[in-house]
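Asks: Here are the chains, one letter per residue:
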Amino acid sequence: MSTRVGRASEQVSARLIEWTVGPFHAMLPGPMKLSLRLDGEVVHSAAIEAGFARRGIVSVMKRCTWSQGVAVMGRLDPEAAIFGEWVFCLAAEKALGLEIPERARAIRILLAELSRVSSHLHQLALVARSAGAEPVFHFMLREREAVLDLLELVSGSRHSPGFLRFGGVREDVTEGFLERLQEVCQRLLERISEYNDLLTYNEAFVRRVSGRAIISRNLVARHGISGVPSRVFDRGQDLRWREKSGYELVQHQNLPANISSGAPGDLHQRFVLKLQEIIQSGHLLQELSQHLPAGPHRIGGDFSRIPAGRFFAEVEAPRGRLDLELHSNGGTTPLDLRFNTPSQPLLAALPEFIVGAPVEDLELALASLDLQIGEVDQ
Amino acid sequence: MDPMMWPDRLEKAGAPLLGTLLVGTYFSLWLDSKIGADLQARVGPNRAGRAGLLQPLADALRLVSKSRTVGQSNRAQYFWWLQGLPLFAMISVVPAGADGPLLQAPFAIFAPVFLGLCFAWVGLLLGWQAEKIEGRFVSVRQAALSLSAAPPALLSIAIAGMTAGEFQWSRIDAAQGFLPTQWLAFSNPFTFVASIIFLASGMLAFSLPPFASSSRASFSLVMELQGTSGIREAWIRLSHRLAPICWSLVAIGVFYGGARLPIAIESLIQGSWLAGPAHSLVLVLKVIGLQVVLTIASRTLPAVRADQAHDFAWRVLSPAAILTLVFFRLTSMVFSGGGP
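Protein sequences, first through last, are from chains A and S. All residue numbers for the first sequence refer to this note's numbering, where the first residue is 56 and numbers rise by one. All residue numbers for the second sequence refer to this note's numbering, where the first residue is 122 and numbers rise by one.
Treat the hints as calculated values from the structure; they're not laboratory data. Certain hints may be false.
Selected chain S positions facing chain A (Cβ under 7 Å, derived; list incomplete) [to be verified]:
#1 158
#2 166
#3 254
#4 258
#5 329
#6 423
#7 425
Only some residues are given here: those of chain A computed to face chain S with a beta carbon under 10 Å [to be verified]:
#8 74
#9 78
#10 79
#11 177
#12 192
#13 194
#14 211
#15 214
#16 257
#17 259
#18 407
#19 410
#20 413
Just so you know, even glycine gets a beta-carbon here, dropped at the ideal spot from N, CA and C.
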């Protein structure tokens, strides 16, 4: 394969280099094979192959009882396990016709926002490391540790809480949790400005990422990409602020309508929006921890069987919209489950997304995509 | 130089040079990990010796005891040792002590830049041997960067040489003193700018962060791809640490007062065995100071792409060096009241 440039009389022939990365490579967001064709140092075309991390979550779920399924759903996205549990519980509660107590709803939101902050910090830390900003990488992981400590304090686990139950949550919040949560939020919000000084608005970083790794409006529309890449264009694409989402308990903190730096949909805009969402979640957590509704944290009852039918639920996970279609035949185990995870459209868009990127920027571009291969391979 | 003079030169300049290089390299390695850890809110090395002072030694022993797992081509093996040649040649022309470098010659102050270029170009051959594509890209980028760093480096040295009146180490050394106000870097605004340009060129020439696209895109990647380990990896890592130290020594010799001591101490120890160690100590302290500044700069700034580094070299550093040289000449002509 070769490309020819110039007039017929004086053609320059350049052979395309084939380079296969993976399935295990530090640059990749997970086990996957990336077959690239390079024109010099620029990606000419790309193909992907996934399926190296298949865990058979649906098959396992079909063998689990309904209550066991909550813990398995947490494995869907190990970085933000609570959202898998949440969407499953929402679908089951819809089937059972349960109206969960306000306190339980608030505790779920607390955990979800903590997970969102943790996931965003982790992803931004990876971008920082790929951009060679090692101090910011370590600072962000330091803040994430504090958030994971909070998750551990309330659920006993840092990554797989297994904390949600049909009709509420497993337990009420631990003593001292809310005070510590406020401290962590306060510190986090103060430190975001440090990140901005060190990296976000650092001239070298802005120059490097502006106009790079663009997820265009067209790409978002064609592949159905949700989450931050779509919210860059339309802030309304957030399920949290829709009616009956459960977030009526808190006041909606509006994000700035535009990001002044970078090109539409580029890496810098996504980076800034993620930081803004961390700030938004921080304020939300502070507000909720000050006014946590009183009442029971769970509804009792026998939930070993779910009425027959198809039930749909959706949540706004850190990476985007997580949909679940639950099939039940009225038995003690799920009949079938269908997911629409936010990483699926991102992976589908990846070959198109990286075309034209220089090899040096590949790691940065892939890190900015916020792709969780576990969600895709399931 | 008369070959018969070499034993004398080796005795006078060789020992301080070796001492300065090894001690400077050792402490710059330790400081790099300590400062890097401090900037990243980590503890850093604290197990091997007090405050982790023996950590570089422990790392070296660990490297030497590793064995290679992947075979290498015969050609690649030659290139490992080939890159020692420009490095040793560079060591022989960097100033270390009051007696200057091992090799004294007219225009000798330019020699380290050319040898630094050779060093980077052997790296290109080495990376080209890598069977993986990343290795080739990294080595090509490094060689191209070193090429773009050479013109501003040569021009900035020329400014210093013109200020001193000659392009010989002895003359440059004689034009400076112990106090910072007597250093060439602070003798006029032009040499100050030239000294900054020279340091930036060094960071470019050896692809030090932030002029490496990421920490993983450094030359060590090539070694990992080649499956290099053991004594060969230790040698490569040492040589890639020694080269920037040599560059620092050149910067110190040209712009930052070299190994000059206060005149009183200089006259006191002149001719005694203390002269060598005292000069080496001054150089080591200056090397460490310079490395601290460079480490903080490279650890806090986000990395730039190779094309951005090229732009910086060709569009900023080189024009800045040319303009500094032109204005320096014009100013010196005006103040000397006539033409050259």
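Asks: Confirm or reject each hint.
Replies: Hints and how they fare:
1. Annotation: interface hint on residue 158 of chain S violated; nearest CB of chain A at approximately 9 Å, more than 7 Å.
2. The closest approach between the C-beta of residue 166 of chain S and any C-beta of chain A is roughly 16 Å, which is over the 7 Å cut-off, so the hint fails.
3. This hint holds: residue 254 of chain S has a C-beta 5 Å from the nearest C-beta of chain A, less than the 7 Å allowed.
4. Interface hint at residue 258 of chain S: satisfied, since its Cβ lies 6 Å from the closest Cβ of chain A, which is below the 7 Å cut-off.
5. With 7 Å as the threshold, the beta carbon of residue 329 of chain S stays out of range of chain A, its nearest partner Cβ sitting at about 11 Å, so the hint is violated.
6. Annotation: residue 423 of chain S was flagged as interfacial toward chain A, and the flag holds, the nearest CB pair being 4 Å apart, inside 7 Å.
7. With 7 Å as the threshold, the beta carbon of residue 425 of chain S comes within range of chain A, its nearest partner Cβ sitting at about 6 Å, so the hint holds.
8. Evaluation of the residue 74 of chain A hint against chain S yields a held restraint, the C-beta minimum of about 5 Å falling below 10 Å.
9. Hint status for residue 78 of chain A: violated, given a least beta-carbon distance of 16 Å to chain S, over 10 Å.
10. A cut of 10 Å between beta carbons decides the hint on residue 79 of chain A: the least distance to chain S is about 14 Å, and the hint is violated.
11. Residue-level restraint check for residue 177 of chain A is violated (minimum Cβ-Cβ distance to chain S is 16 Å; threshold 10 Å).
12. Hint on residue 192 of chain A holds. Least Cβ distance to chain S is approximately 8 Å, under the 10 Å limit.
13. Because the beta carbon of residue 194 of chain A sits about 6 Å from the nearest beta carbon in chain S, less than 10 Å, this interface hint is met.
14. For residue 211 of chain A, the interface hint is violated, since its Cβ never comes within 10 Å of a Cβ in chain S; the closest pair sits about 27 Å apart.
15. Annotation: interface hint on residue 214 of chain A violated; nearest CB of chain S at approximately 22 Å, more than 10 Å.
16. Annotation: interface hint on residue 257 of chain A holds; nearest CB of chain S at approximately 6 Å, less than 10 Å.
17. A hinted interface residue such as residue 259 of chain A counts as satisfied when its beta carbon comes closer than 10 Å to some beta carbon of chain S; here the least separation is about 5 Å, so the hint holds.
18. Given hint, residue 407 of chain A at the interface with chain S, is violated; its Cβ is 22 Å from that chain's nearest Cβ, farther than 10 Å.
19. Below 10 Å, beta-carbon pairs count as interface contacts, and residue 410 of chain A has none with chain S, the closest being about 17 Å; its hint is therefore violated.
20. With a least beta-carbon distance of about 7 Å to chain S, the hint placing residue 413 of chain A at the interface is held under the 10 Å criterion.
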